[in-house]
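K.L.:
From first to last, the protein sequence lines are chains A and B.
Residues in the first sequence are numbered from 1 upward in steps of one, following the numbering used here.
Residues in the second sequence are numbered from 1 upward in steps of one, following the numbering used here.
Possibly wrong hints are sitting among the right ones.
[As the list claims (entries may be wrong)] Derived, one-sided and incomplete: chain A residues facing chain B with beta-carbon distance under 8 Å:
1) Val258
2) Pro261
3) Ser322
4) Val339
Rather than coming from a laboratory, the hints here were simulated on the basis of the structure.
No experiment lies behind these values; they were computed from the predicted model shown.
From the three backbone atoms N, C-alpha and C, an ideal C-beta is built for every residue, glycine too.
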Amino acid sequence: MRLPPEAYAVALATLPGMGPKRLLEILRRWPPAEGWRRVLAGGAGGEAGLAPVWRVTAAGVDVAQVWRAHLDAGVRADVLGGDGYPPLLAADHEAPALLFSRGDPAALPAGRRVAIVGTRRCTRYGRDVAWELGRDLAAAGVTVVSGLALGIDGAAHAGALEAGGGPPVAVVGSGLDVVYPRVHASLWSAVAGAGLLLSEAPLGARPEPWRFPVRNRVIAAVAEVVVVVESHAAGGSRHTVEAAEARGRTVMAVPGSVRSPASAYTNGLLADGCPPARDATDVMVALGLSTATRDPVRADLRPAPGPGEARVLEALGWEAASLEAVVTRTGMGAGEASVALTRLQRDGWVVSAGGWWERVAQVPLGECR
Amino acid sequence: MIAIIPSATLLGVDGRPLAVEVHVSPGMPVFNLVGLPDAACRESRDRVRAALLSSRLPWPLKRVTVNLAPSGAVRKGGPGLDLPIAVGLLVAAGELPPEAVAGCAFLGELGLDGSLRRVPGVVPLVAALDTRAVVVPAACAGEAAVLGRHQVRVASTLAELVACLRGESPWPEPTRRPPGLPPARQPDLADVRGQAIGRAALEVCAAGGHHLLLSGPPGSGKTMLACRLPGLLPRLDADDALTTTRIHSAAGLPLPGDGLVEVPPFRAPHHTASAVSLIGGGTAWMRPGESSLAHGGVLFLDEMGEFPAPVLDALRQPLEEGVVRVARARASVTFPARFLLVGATNPCPCGQGGPRGACRCSDAARLRYTRRLSGPLLDRFDLRVVLVRPDVGGLMGGSPAEPTASVAARVAAARDLARERGFRCNAELPAHRLDELAPLDPAAAALLEHTLRAGWLSARGLHRVRRVARTLADLGGGAHQLGEEHVCLALSLRAEPAAAEAAA
Chain A
1 MRLPPEAYAV
11 ALATLPGMGP
21 KRLLEILRRW
31 PPAEGWRRVL
41 AGGAGGEAGL
51 APVWRVTAAG
61 VDVAQVWRAH
71 LDAGVRADVL
81 GGDGYPPLLA
91 ADHEAPALLF
101 SRGDPAALPA
111 GRRVAIVGTR
121 RCTRYGRDVA
131 WELGRDLAAA
141 GVTVVSGLAL
151 GIDGAAHAGA
161 LEAGGGPPVA
171 VVGSGLDVVY
181 PRVHASLWSA
191 VAGAGLLLSE
201 APLGARPEPW
211 RFPVRNRVIA
221 AVAEVVVVVE
231 SHAAGGSRHT
241 VEAAEARGRT
251 VMAVPGSVRS
261 PASAYTNGLL
271 ADGCPPARDA
281 TDVMVALGLS
291 TATRDPVRAD
301 LRPAPGPGEA
311 RVLEALGWEA
321 ASLEAVVTRT
331 GMGAGEASVA
341 LTRLQRDGWV
351 VSAGGWWERV
361 AQVPLGECR
Chain B
1 MIAIIPSATL
11 LGVDGRPLAV
21 EVHVSPGMPV
31 FNLVGLPDAA
41 CRESRDRVRA
51 ALLSSRLPWP
61 LKRVTVNLAP
71 SGAVRKGGPG
81 LDLPIAVGLL
91 VAAGELPPEA
101 VAGCAFLGEL
111 GLDGSLRRVP
121 GVVPLVAALD
131 TRAVVVPAAC
141 AGEAAVLGRH
151 QVRVASTLAE
161 LVACLRGESP
171 WPEPTRRPPG
181 LPPARQPDLA
191 DVRGQAIGRA
201 ALEVCAAGGH
211 HLLLSGPPGS
221 GKTMLACRLP
231 GLLPRLDADD
241 ALTTTRIHSA
251 AGLPLPGDGL
261 VEVPPFRAPH
271 HTASAVSLIG
281 GGTAWMRPGE
291 SSLAHGGVLF
301 LDEMGEFPAP
311 VLDALRQPLE
321 EGVVRVARAR
331 ASVTFPARFL
341 LVGATNPCPC
351 GQGGPRGACR
361 CSDAARLRYT
371 RRLSGPLLDR
381 FDLRVVLVRP
391 DVGGLMGGSP
401 AEPTASVAAR
411 VAAARDLARE
421 RGFRCNAELP
431 AHRLDELAPL
441 DPAAAALLEH
451 TLRAGWLSAR
461 GLHRVRRVAR
471 TLADLGGGAH
481 QLGEEHVCLA
491 LSLRAEPAAA
501 EAAA
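With the sequences and hints as input, model every part of the structure.
P.N.:
In structure tokens form, the structure reads like this:
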């Protein structure tokens, strides 16, 4: 069987210590098959001292078998400059030398693309906003790009899938067969089914920490607008924002409470002059799209809260509060306040977790938990 | 010549009666101690010899055999047999007439100068004796008199004792040591500002005997609240007081005013505690552990997440049954251990706590932290309360909060209601009688049913919530039917541990 050049590129990518930069270097100097022969001969990777390691490892790699595994798994591999490589990424100055994808390749160039990113340690507020942004943007036909991580990323994709409009695109940091985080297994396959999964890592690659900042530059490269929903002061979203600014992409931030550490970075972005993303309309305006496609009013199907419940709801505000805080703010007895909270929970107005009560946005997030 | 002196040794929190048999016969001067003595007991020989000589009493230069009967059954431990051995020697050597010691048991350790020292466990030791009189070191007079079954005679030195036994001087009056220290001022609830929910939970905990888990950042008042729990509990009743006194005596703890322990004890072992220190065992005579020392009172585990998991899980038997059965190769012992467990824990490794996303701990770190408390153990806590640091306004201003005395009165009234139902407290209500003893009004039933359907509550959780609601109703005046307010507050006071939600 005659192997395509991509097969050799994939084999190269499986070598230990092979990051995007080193791969790009090899593929720039030689065609993939030639590069592989050089590695086998110990003639590549000299600068980093990896040549002997690569030579030994490569000797044990069956290129045809690796290639067949990718074909069997339904994973496409495209070398930078190849026919199937997305033109959108090809123009980027840090384009991945080799791109793995699963799903509909047409999802990427189609339509407008907005990245929704943020912390894994999000608050309920951040998750709700990410979910709503994902849903409303997808409903308007926008492609939602994110990283399928816990927290904001996952919520944005869950929202986009809920709307079923624009196809979701996910850029992940591990091999396309290594579902990380594992709890997102169903979300992962839903995105692959409705849109496109991208990765720079070959099958079986572990989600090593260095892969995520690298992955973030691809997200920034793919998107036209990057919306940061919530991020801590030293969060990983910084990498995405820096990469987006280097490419001249619009960066938007969702305003959060000044008391919430999870909004420290996003509020900082706003202070630095980033446009705020209060809802999908703001993002649509930044994209230069008409906002008429958005369904403006959604009926609230929850039963209206009674007078006592309304007081508690008002006292809760939009930050998590303990029962103690509710009692103090409303002046109610602990029993009375508990009754109100339990009723509100029953009717979908609030949720409780670990002794904290939080008000939930208009639309109860059924699947997005 | 032979002498037989009744005495007792300790195993767990019970005394075992034994007879110290001393035989003195002509022959090479030698001293043999037989009948399974332990190391401390075998050293008796040297103490007894020195004490006799310092008291100007003769050491028989003959063949002396001391047997601790029954000889095979249990290993005899502790230094408390010094005194019976010395007295037996004197009788066997003809220094004391046998009639002088008839019907009298002896307990005590000897100093080399002939002084009599106190020994641990006098209360259970005396309880095991069936003689008419018992002689104890003067320092143990109060402990020995707790039971009131025996004529208690005291002596402070061996010479004094011998003089009294010979009838040369009158027995000294067993002076009850005046309670040296006035009972330390119990911390009062009035000092706790704010913390309405924490206070309510503490009251429910005291009234219903529900175990309490406090979770909150440092400085939120977890320890402060827990320390005020014993003040809310009623004084121990006669049975409990006697049991607790026996346990404290067996562990060698000082007794209050040398009498009964009537104030519920408060034990707060550090989180480096071993399983044995918490449960009991360890020494040859099986010292009771912290869980038993807290019998009738409060066991407070601060920084509960820092305790090793096996240590915490060892508490599951006492929490379930109110006793600990410790089995060792030599003996197995049952310790009473019915205590109110109060745990305190930080919400997450960084301690700042708060809702998800509000601190610097990742979800995984939070999850790992909460997992240190096993599910079965967490399940034992009827009350799980989140505490937050009180705000400045609450700390500085405002009127002083309700004092312990008035809360304790409500607690006592609620406990009376439980006793009328035939239970010590509501936490002991059996599940099959809840429908009869804790019926729900229709609104409360509907709300609970919805909570169950939505999966926010398990079947076991339902029973626990109903018991807590029963206590809330009792504190509120004792309505027979539980209302919505009782059930909802009971639900709120049993927050799910702050587990990170699985996915976005």
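K.L.:
Against this structure, judge whether each hint is valid.
P.N.:
Hint check results:
At its closest, the beta carbon of A/Val258 sits 13 Å from a beta carbon of chain B; the interface hint therefore is violated under the 8 Å criterion. Among the interface hints, the one on A/Pro261 holds; its C-beta lies about 6 Å from the nearest C-beta in chain B, closer than the 8 Å criterion. Hint on A/Ser322 holds. Least Cβ distance to chain B is approximately 5 Å, under the 8 Å limit. The beta carbon of A/Val339 comes within 4 Å of a beta carbon in chain B, closer than 8 Å, and the hint placing it at the interface holds.
Consistency note: the structure conflicts with earlier hint 1 alone.
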